[in-house]
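Model the placement of chain B on the given structure of chain A, informed by the hints.
Quick mapping for you: the protein sequence lines, in order, are chains A and B. Residue 86 in my numbering sits at position 86 of the first sequence; the count goes up by one each step and never skips. Residue 35 in my numbering sits at position 35 of the second sequence; the count goes up by one each step and never skips.
FYI, nobody ran anything at the bench for these hints, they're computed from the structure. Hints are not guaranteed to be accurate.
FRET-style restraints, in silico, Cβ to Cβ [as the list claims (entries may be wrong)]: (1) Arg72/B to Glu21/A: 35 to 45 Å; (2) Ala105/A to Glu21/B: 56 to 66 Å; (3) Pro124/A to Ala79/B: 56 to 66 Å; (4) Pro124/A to Lys263/B: 35 to 45 Å; (5) Pro34/A to Arg72/B: 21 to 31 Å; (6) Gly120/A to Ala79/B: 27 to 37 Å; (7) Asp231/B to Pro124/A: 31 to 41 Å; (8) Pro274/A to Glu279/B: 54 to 64 Å; (9) Glu21/A to Glu167/B: 51 to 61 Å; (10) Ala123/A to Ala79/B: 47 to 57 Å.
Glycine residues also receive a C-beta, built at the ideal position from the N, C-alpha and C atoms.
Each chain, written out:
2 protein chains.
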Amino acid sequence: MAEILTSLPAADGFRMPAEWEPHAGTWMIWPERPDNWRQGAAPAQDAFVAVASAIARFEPVTMLTSAGQWARARAALPANVRVVEASSDDSWCRDSGATFVTDAAGRVRAVNWRFNAWGGLYAPCDQDELIAAKMAEIEGTPRYDAPLVLEGGSIHVDGEGTVLTTEECLLNPNRNPSLTREEIERHLRDYLGASKVIWLGAGLVDDETSGHIDNLACFVRPGVVALTWCDDPADPQHAISVDAYERLSGRTDACGRGIEIVKLPLPGPLYRAPDEAIEDAAADNAYQRYAQERLGASYANFYLGNGFVLMPLLDPRTDEKARAILAGLFPEREVIGLPTREIVLGGGNIHCITQQQPAGKAG
Amino acid sequence: MAEILTSLPAADGFRMPAEWEPHAGTWMIWPERPDNWRQGAAPAQDAFVAVASAIARFEPVTMLTSAGQWARARAALPANVRVVEASSDDSWCRDSGATFVTDAAGRVRAVNWRFNAWGGLYAPCDQDELIAAKMAEIEGTPRYDAPLVLEGGSIHVDGEGTVLTTEECLLNPNRNPSLTREEIERHLRDYLGASKVIWLGAGLVDDETSGHIDNLACFVRPGVVALTWCDDPADPQHAISVDAYERLSGRTDACGRGIEIVKLPLPGPLYRAPDEAIEDAAADNAYQRYAQERLGASYANFYLGNGFVLMPLLDPRTDEKARAILAGLFPEREVIGLPTREIVLGGGNIHCITQQQPAGKAG
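Bound conformation, chain A alone (with noise of 0.2 Å):
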């Protein structure tokens, strides 16, 4: 049950599917700490909520939730989301959740990376620590320790054995300092059942994350990445998206075909309001969030279920664009767009508070 295993999981034959891949269902924390999310996080839950009804009604939610917080979580969600306490230290399941992993037989197994806060931005962060071991518990699913700190939002997976990932977060010292290239990118292929990694340089501008790949670009489908894209050489998201473009035109994947890349529009630049900033918070260790500072959004922060794409909502100008592309990449799903600035105020978007948990049964 609580199966703490020692060897691989690419020996094994596992390997982490691609988020298109069928779901048994996603996995969500509640958000609830009011030095990083305005007026008590009321907001915030609405957010959370919307995003968690609408996965609801294509594949089974669980909301993980303090003690304090449990019952206004079960009364706040529809009857069909399922809320179980798990403690945390913030609301980012992508980051701190087990990343799952299956094989042919259709056998589901949880990663359970290290996690330091993205580098330190807060401390403590041991009830984030756990989430991981906890989903594993509650599942039933046997358990890989990875021996590397690691956030699921740093990774994308093709499912057929290309992971994308940047330099920025992934090389940085503040997550690894003493693993080199080589050997992060051996983790990576032992824990996530990978053979090949393409490596892009930063991630999205004004991006607290250290650069996580998946507010930059994504994996559609194997060969095609989707990533944003900004004309403006004023603006530094301009240089960072040309060398990402020109990192991924030359490249390969797993399975040797060239990568196909969709640009998908850069919303803003989205700048905090006054009244959206959290700059008087107590806690030394508070993530202090300064009115004007730039936002870091973007629509590659999209969520895929079964059946669904979940895009951010984050700008007029750009939203119905971007929407519309996705409806081209993804013809046989549909797209539901949530307005989610409280959610981009708090430091991610909405493929930063899902995570996955792929078709199978534990074991």
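Structure of chain B alone, referenced to chain A:
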């Protein structure tokens, strides 16, 4: 998933199965409160680990624990015990936990009774009050919210329509002062899918629960009740047992059978030693546990699971006699005895700290 039904289990075709029917597993709650468990609850935790480990040889066990104790419980328990965070006020899953009911199609649902800490032994009890709902949520079982203060330890069923309980507990004004005996009987029928209630008088002497049936007597199969017996007329338990015997002797069960009574020996009397007392608890609501007080201990508080009987070992003068009686009653089951004095010191025994989930599927 978290569906709350406003219908009645009996009307929906659901009943509480007898404890000897097949289980999907067993639920327990990790002990931790230092004002109820001596030495920071460490000896009690050892005893709970022994109980969970014994049961886990036969069926899945889920241990619920607070956030603060999760890692400690996880480390102390065998790998095949599932450890899930769920805060509580104390560790009596029989009483605060859900009562599960099933129907002929094998569907499983939860009954969530109201809970007031055994008539007000401590406050607050808000976390215990949520335990049943959290169990239902974790398992995805629909749930009935019963309008009755009731602990699982105050009822036994034969699975064929008969409920065994005590007047001392269920008619106690500290539970449901506004309800008549007839109204309480109706709720038992409605929520347990029963047709007949057999009332005994008082529970075990010096039992702090206001006389839970599960420390006095239980069904061992339809038509057969094991009853704690005391031959010594000077012991107050004598009159209680004689009264119970007389009430049972003249009755038939829901199916019209006469009731055979099997006498279980009374251990002790056992008394709390000075180093087992907790008299200096700082908390206002702590239940004081005085040296020299008589302990509420009985062999009737055994637990039946898939293929086993787990019985308390309480007194070398009576343990073997009790074991032989249980072995005779359950020839097809392995009878396991565990020393449970540390559990008795906190106010209960094996049956009080366990809650069966019958086999079947949430639905």
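Query raised in the report: Where does the structure disagree with the numbered hints, that is, which hint numbers, in rising order?
Result: 2, 3, 4, 7 and 10
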